[in-house]
Amino acid sequence: MTTTSAEALTALILSARGVRPQSLANAEAEEVLNIALALLIELSVSNDRIDRLERMVAALRDEPVSALRDVRYDGEAAQERQEAMEALLARVLRIMLDPRVQPPAAAAS
Amino acid sequence: MKVRDLQHAVLPETSAEQRSRQEAVVALRRLLNTRVRPRNVEAFASEAQPAFIAAYGRAPQSPEEVQRAFLLSPSYRRWSAANRAAQEMIWVSVGEPIYRDLDRMRAAARALVTAPDRKGSLNLDPDYDPSAEVADVDIHLQPGGYAMDRGEDDVVAGALYECGGNVFSFGQGIGRADSKAGVVIRLLDERFGGLRPQRILDIGCSAGAASAAYAAHYPDAEVHAVDIGGAMLRYAHARAESLGVGVHFHQMDASAMTFADGSFDLVVSHNLMHEIGEAKRRAMMREARRLVRPGGVVIHQDVAIRDQPTIVHQVERDWDTHFNGEVHWSTYATADLRADMRAAGFAADEIVEHDLAAVQGFAGNRWYAISARKPA
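As given, the protein sequences belong to chains W and Y, one line each in that order.
Position 82, counted from 1, in the first sequence is what the working numbering calls 82; the numbers after and before it change by one each time, with no gaps.
Position 235, counted from 1, in the second sequence is what the working numbering calls 235; the numbers after and before it change by one each time, with no gaps.
If you are wondering where the hints come from, they were derived from the structure by calculation, not from laboratory data.
In this text, a Cβ means the ideal position worked out from N, Cα and C, and glycines have one as well.
Do not take every clue at face value.
In silico contact screen, one side only, chain W against chain Y (beta carbon under 8 Å); selected entries [stated by the list, open to error]:
{"#": "1", "residue": "Thr3"}
{"#": "2", "residue": "Arg17"}
{"#": "3", "residue": "Val19"}
{"#": "4", "residue": "Ala27"}
{"#": "5", "residue": "Val57"}
{"#": "6", "residue": "Ala58"}
{"#": "7", "residue": "Leu60"}
Pair by pair, the computed Cβ-Cβ distance ranges are [stated by the list, open to error]:
{"#": "8", "chain 1": "Y", "residue 1": "Thr310", "chain 2": "W", "residue 2": "Gln102", "range": "40 to 46 Å"}
{"#": "9", "chain 1": "W", "residue 1": "Asn26", "chain 2": "Y", "residue 2": "Leu31", "range": "21 to 27 Å"}
{"#": "10", "chain 1": "W", "residue 1": "Glu7", "chain 2": "Y", "residue 2": "Glu64", "range": "40 to 46 Å"}
{"#": "11", "chain 1": "Y", "residue 1": "Pro50", "chain 2": "W", "residue 2": "Glu76", "range": "41 to 47 Å"}
{"#": "12", "chain 1": "Y", "residue 1": "Gln61", "chain 2": "W", "residue 2": "Leu40", "range": "46 to 52 Å"}
{"#": "13", "chain 1": "Y", "residue 1": "Asp336", "chain 2": "W", "residue 2": "Arg20", "range": "47 to 53 Å"}
{"#": "14", "chain 1": "W", "residue 1": "Ile13", "chain 2": "Y", "residue 2": "Pro126", "range": "26 to 32 Å"}
{"#": "15", "chain 1": "W", "residue 1": "Ser66", "chain 2": "Y", "residue 2": "Val36", "range": "31 to 37 Å"}
{"#": "16", "chain 1": "Y", "residue 1": "Thr310", "chain 2": "W", "residue 2": "Arg81", "range": "50 to 56 Å"}
{"#": "17", "chain 1": "Y", "residue 1": "Asp336", "chain 2": "W", "residue 2": "Arg17", "range": "53 to 59 Å"}
The shape of chain Y in the complex, shown without the other chains (with noise of 0.2 Å):
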């Protein structure tokens, strides 16, 4: 199953005036990304650290050093003043659509998650509070952030996500057919003899992209969707009806689950690392394994920006850290993964990590994944 670029009912109806907006933001992302941010490490030898030798009489050592000498390059902060602004242009073009349709897209999305028929469900908290460090933040300018939740039958968190993610995806040179799903069931196919799962767990689904990949592609398969959003959750329950699969959603923390012991035969997780905290993230990964039966899979899929090749290239790609509210981009990509399995209770012959191609893209993109199969 594509996920992204799909049809289906709980998205906002959308004018030809409002198509032609996001497109161009998607459009003066992709030259931002592709023409002007690639001149960044070069400006930092031309502009930044002479800048910061002529102030300080010495080259920039540490990350906050180098941080401080890349402001002092206009060429740098012309490109940060301008990839801000894209970003915020990216809610701003998909955010007035939601707003506007959001009485017909509350009712759509109340019609599929209460129909007789329906194959999935809902299971949301009152009693959780989400995660503040997650909560509390506008994660990559979200406004209102992933657990905003409007009340009754609120849908926005999740039609901003799905909608703005399209857009800051293509904008970034990811394919309309790419698929973090999809990477994983190559993964799958490749490294782990074509595992078929019969219970799966998506850990921080967000809008259910990738929780409804897998109920497409196992049909068979009990697909169970973990996130912290009311209005996030009830979201992707309403548009996995609306693709015609069944995936069932909880409202519940990453770190602390409430699925019996060795539940499921694989455990996935997409792009969560790198929005959690360092020891939501290590908790987060014991429930992973706490979860996974014997002889299962857990795989957790990312962001490839780990492994930068100097420490200029670590700061530069540590941008959205200060200016797009990825408060943990950087303790992310920093961060022992390997020790981190470690102690989740995998040994180290058992954990691997991988550079995967993406399904589809034109920029060469690629996806980071570290796994591991718990012994039989």
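Isolated chain W (complex conformation) (with noise of 0.2 Å):
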């Protein structure tokens, strides 16, 4: 039977022992720092797949890799595109423009 990844990557977490050092002062902070440090690795992990993608379009299209990256957006498409980096940018960050701000007391307590 084959172990798909997500068994493998729970069999490896399972077989860790010891209790892990934190290093930064607050708990969840290093916990949210692991997570953007292992979307990094992920998001090179994806780069790495466009550009081969991108590669083998332009050895289809009989055209070096350079041509292909080399567009400039404009009219229509410009538009479309800087709505869509908008976009990004609002649900990437969300949460510096959610206006429900917690007050400081609340937030301790």
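From these two lone chains plus the hints, build me the complex, please.
Okay, here's the thing in structure tokens:
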């Protein structure tokens, strides 16, 4: 039976022993940092996949990969890209845009 | 023989995506090591020491106080948290392909170690209980540790050690062509008259990279190698067979080996001293001297973390003790190894300490070694 990636990762995670020492003053912040760094690695993995596809398409089109990448958006396409970029920023930075800030006293209690 | 980044039959098969993940972890660790970590000592002066003085009314004095001060520095804490995360991601990046491909790897290993034309051997001791001071710790956070053995045909510990070691080393700036065995072979040529050993013992061989490199470099020599874990040694044996070299692997404790006195021309240990406690290290050194023949050479090679210029550098370097499962890191770094070699039976004028350039690496990597020749 094939072992899935999730099963393999679970086996690995469950085999680790010992107490995990904390570096940051706040355990939640350290967890978030770990998640952010893991996503950084996964973004790099995705970038590699895009790169492989770009090179494949460039080869199929018989043109240098630099030509494929040298796209300058204008007109309607530029507007679409701008809107998509702003939506991405809003999704990622949502917490900074959210007006529902908890007063410090309530946060501490 | 190359020892890192080699292809052989017992390695897990990896997809392009899995290789991308490992390369990204290498790049992250390289950035942390070369561009962030060097600022730690400066952060001690600018953040840690002032915070400690503010809290206690005086400067930190002992290593314990310097460590406490470091943890008052936000810059140090951020680096430490990121470095710990990166170390853990090494094991995630190599562990996933290993556990996914394990059935094939186990079958490949079984075929290699039972092949009629095998060159080496595997001698496991079912009565040996791996030394708890090593076996009970996830050294450098390797999940399950050096001695994890999940039963017949298991090779996970060896595969994790080799694959994780590659990702770790490349992120540390150690070159793909570097070799600790290569460093010792060069030392034998330069300092020991080009000794051509006929019988070699590699103590604490782990996945057998150095053992196999000796067997390849000295094809007429008989190479024996010792470690504590069954799965580690199964992998090491299969790896050596896949590479076409003969090594005889033994499950034994480095502090009490069963070979006859004077039975080796060369006794080496690679990166073992920092993985064992003081008493076992001294016993291992005594055993090394007992096992080398008159005129033979003992070389214990390890990481170059000794001789730090200040207590701040020393404590900074000691991060691995607290955050990386390297429980004997500091013990090794501050040990009087010359005294240990004398206690093992060598005369003071037979002992030489070496600061050795790596065979290859981009970050000026160096290795430490202490050697002695037994009088003929």
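We went through each hint and held it up to the structure:
At a threshold of 8 Å, the smallest CB-CB gap from W:Thr3 to chain Y is about 5 Å, leaving the interface hint in force. For the restraint placing W:Arg17 at the interface with chain Y, the shortest Cβ-Cβ distance is roughly 5 Å, inside the 8 Å limit, so the hint holds. Hint status for W:Val19: violated, given a least beta-carbon distance of 10 Å to chain Y, over 8 Å. This hint is violated: W:Ala27 has a C-beta 10 Å from the nearest C-beta of chain Y, more than the 8 Å allowed.
Violation of the interface hint for W:Val57 is found here, the shortest Cβ-Cβ separation to chain Y being roughly 16 Å, above the 8 Å cut-off. Given the 8 Å rule on beta carbons, the hint for W:Ala58 is violated: about 17 Å separates it from the nearest Cβ of chain Y. Taking 8 Å as the C-beta contact cut-off toward chain Y, the hint placing W:Leu60 at the interface is violated, the least distance being around 18 Å. The supplied range of 40 to 46 Å is met by Y:Thr310 and W:Gln102, whose beta-carbon atoms lie about 45 Å from each other.
The supplied range of 21 to 27 Å is met by W:Asn26 and Y:Leu31, whose beta-carbon atoms lie about 24 Å from each other. For W:Glu7 paired with Y:Glu64, a C-beta distance near 43 Å keeps the hint of 40 to 46 Å intact. Evaluation of the 41 to 47 Å hint for Y:Pro50 and W:Glu76 yields a failure: the beta carbon distance comes to about 57 Å. Distance hint check: the CB atoms of Y:Gln61 and W:Leu40 are about 39 Å apart, inconsistent with the given range 46 to 52 Å.
Distance hint check: the CB atoms of Y:Asp336 and W:Arg20 are about 33 Å apart, inconsistent with the given range 47 to 53 Å. For W:Ile13 paired with Y:Pro126, a C-beta distance near 29 Å keeps the hint of 26 to 32 Å intact. Hint check: W:Ser66 to Y:Val36, Cβ distance near 32 Å, so the stated range 31 to 37 Å holds. Here the CB-CB span from Y:Thr310 to W:Arg81 is close to 53 Å, well matched to the stated 50 to 56 Å.
Checked against the hint of 53 to 59 Å, the C-beta distance between Y:Asp336 and W:Arg17 comes to roughly 32 Å, which is inconsistent with it.
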